[in-house]
Amino acid sequence: MTSNSSGLDVARIREDFPILHQMINGKPLVYMDNAATTQKPQAVIDALVSYYSNDNSNVHRGVHTLSQRATDLYEEARTKVRVLLNAASDKEVVFVRGTTEGINLIAQTFVRNRVGPDDEIVISAMEHHSNIVPWQILCQERGAHLKVAPINDDGELLMDEFEALLGPRTKLVSIVHQSNALGTINPAAQIVALAHSFGIPVLLDGAQSIQHLKVDVRALDCDFYVFSGHKLYGPTGIGVLYGKEELLEQMPPYQAGGEMIKSVTYERTIYNDLPAKFEAGTPNIAGAVGLGAAIDYITNIGMDRIYAHEQDLLTYGTECLSGIGGLRLIGTAQEKASVLSFIMESAHPHDIGTILDTEGVAIRTGHHCAQPLMDRFGIPATARASLAFYNTKDEIDLLVKAIDRVNEVFS
Amino acid sequence: MPGLNDLYQEILLEHNSKPRNFKIVEDANRSADGYNPLCGDQIQLYLKVEDDTIVDVGFQGTGCAISRASASMLTQSVKGQSVERAQEIFDAFHSMLTEPEVEVDYDTLDDLECLSGVSEFPTRIKCAVLAWHTLLAALNGQSEATTTE
Numbered sequence: 001m002t003s004n005s006s007g008l009d010v011a012r013i014r015e016d017f018p019i020l021h022q023m024i025n026g027k028p029l030v031y032m033d034n035a036a037t038t039q040k041p042q043a044v045i046d047a048l049v050s051y052y053s054n055d056n057s058n059v060h061r062g063v064h065t066l067s068q069r070a071t072d073l074y075e076e077a078r079t080k081v082r083v084l085l086n087a088a089s090d091k092e093v094v095f096v097r098g099t100t101e102g103i104n105l106i107a108q109t110f111v112r113n114r115v116g117p118d119d120e121i122v123i124s125a126m127e128h129h130s131n132i133v134p135w136q137i138l139c140q141e142r143g144a145h146l147k148v149a150p151i152n153d154d155g156e157l158l159m160d161e162f163e164a165l166l167g168p169r170t171k172l173v174s175i176v177h178q179s180n181a182l183g184t185i186n187p188a189a190q191i192v193a194l195a196h197s198f199g200i201p202v203l204l205d206g207a208q209s210i211q212h213l214k215v216d217v218r219a220l221d222c223d224f225y226v227f228s229g230h231k232l233y234g235p236t237g238i239g240v241l242y243g244k245e246e247l248l249e250q251m252p253p254y255q256a257g258g259e260m261i262k263s264v265t266y267e268r269t270i271y272n273d274l275p276a277k278f279e280a281g282t283p284n285i286a287g288a289v290g291l292g293a294a295i296d297y298i299t300n301i302g303m304d305r306i307y308a309h310e311q312d313l314l315t316y317g318t319e320c321l322s323g324i325g326g327l328r329l330i331g332t333a334q335e336k337a338s339v340l341s342f343i344m345e346s347a348h349p350h351d352i353g354t355i356l357d358t359e360g361v362a363i364r365t366g367h368h369c370a371q372p373l374m375d376r377f378g379i380p381a382t383a384r385a386s387l388a389f390y391n392t393k394d395e396i397d398l399l400v401k402a403i404d405r406v407n408e409v410f411s
Numbered sequence: 412m413p414g415l416n417d418l419y420q421e422i423l424l425e426h427n428s429k430p431r432n433f434k435i436v437e438d439a440n441r442s443a444d445g446y447n448p449l450c451g452d453q454i455q456l457y458l459k460v461e462d463d464t465i466v467d468v469g470f471q472g473t474g475c476a477i478s479r480a481s482a483s484m485l486t487q488s489v490k491g492q493s494v495e496r497a498q499e500i501f502d503a504f505h506s507m508l509t510e511p512e513v514e515v516d517y518d519t520l521d522d523l524e525c526l527s528g529v530s531e532f533p534t535r536i537k538c539a540v541l542a543w544h545t546l547l548a549a550l551n552g553q554s555e556a557t558t559t560e
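So the sequences go chain by chain: A and B. Note that the working numbering numbers the first sequence so that position 65 is 65, with each residue one more than the last. Take any residue in the second sequence, count from 1 to its spot, add 411: that is its number in the working numbering.
Keep in mind that the hints were calculated from the coordinates and are not lab data. Ideal Cβ positions, reconstructed from N, Cα and C, are used throughout, including at glycine. It cannot be assumed that every hint is accurate.
Here are some chain B residues the structure puts well away from chain A; computed CB gaps all over 10 Å [unchecked claim]:
id, residue
1, Pro-430
2, Glu-461
3, Thr-509
4, Asp-518
5, Asn-551
Covered stretches of chain A, as calculated for chain B (at least 3 residues, CB under 8 Å) [as the list claims (entries may be wrong)]:
id, segment
6, 351 to 361
7, 369 to 382
Generate the whole structure from the sequences, applying the supplied hints.
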């Protein structure tokens, strides 16, 4: 189980994840639904317990010791995110509920006032619904148009066609860094450079890339990057919006209430400085603390080693699944993360999912909140095994065995 | 844990591979689209109702083996039945899947009983009932049915 070229001791790593050690339907759990959410190491669980056991209080403004401790922990978590993303300042790290809230925040406070009739917003053909619908609503409201950059049959963005969509009317490029349904890793730096050459700001949806890739927002030069903590081995309900400071400064608040103000009278309210301006109300303090613990955990292992092991798994998994008769992989990009989306001639994805579950193998089936992408491939759904660094080649063998069972049932 | 064989019984697999009444009823006077937003399964159900009797029925659409087989069996069981009887079959079928404490009405259900194993797979109940909710919608003059149960 431990043999891999990345030097990761996966057997030991698995010990850090208590949930992995259980039987499902009489079989050892093989958890391969990591694109939906990742499991939590003991360090994250302990951080949540410790926070609520020892440090819980409301943040900021309190003069008592616990409030100071909670504030320190919350702000330390922000610094950890800043270091992880290589942002220039803690002010550029806004805590939100998740990727979806981050995108909606940008739609409402950055894009809304910039788009008018016949302006355009450019996305790609492999977006999650959360990076389609907010723009659709905005475009309808403002009389603007949503433009979709096409992809090829391997699930790769067609860069020439993407470039052709850019112009003076384009007010934003919002594009997924890594596709949740296909695994495709988009050439983010190139996309940003291209958009910037037209003076167009770029939002990267990092919901998937954050768990697989080393993300350096300054190297990418993206204007915004959003991700969810629960896909980075942290808790649910906490996420991050990174934005360049000069842009965040220009933007009005998203929600109004406590925390986001400096002073309030009935005549006038002065908004707080960044990032508090965007964090109205009591934030998810425990969530931020848990995310901080998750960042410590993966930083300690090393994103490079995580990437190397996951690429090993991807290569092995692709090889194994390609050898199964009647199975077709959906998403075969050159640059790809450890996501194996597939369909089978014999069975519908939901039936595959149920049969795999009886073998203890947890995968996701359906349209993966990317219905237009499914339409692009002319299929209603796929079965998707998404692998994390705690997965092993032995588990891929179990996946293959479970898929063989599908063919038996539907023979 | 119920076995896979309870779920994917031979008769179900047979209906999946060779669905009955998989057709558009050209002279239908009732129809509805059924859609399961959670998984994307969709079905179009066509009925020809004359003098309160379902004289013809057909369906189209895409879905998993369970939703397809269930739709196929639905068409067999309601064809030639009165609207009232179709409602009774719906009730018995729905109860078999969602109310384990209620005794199964074998007389009414007949072959449909082979879908009883679905009740042991809560995430798949919505697949089995999609066609049935679509039937009710069509009979009630609604054009759309949605299941998420």
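_Which numbered hints fail_ = When the structure is compared with the hints, none of them turns out to be violated.
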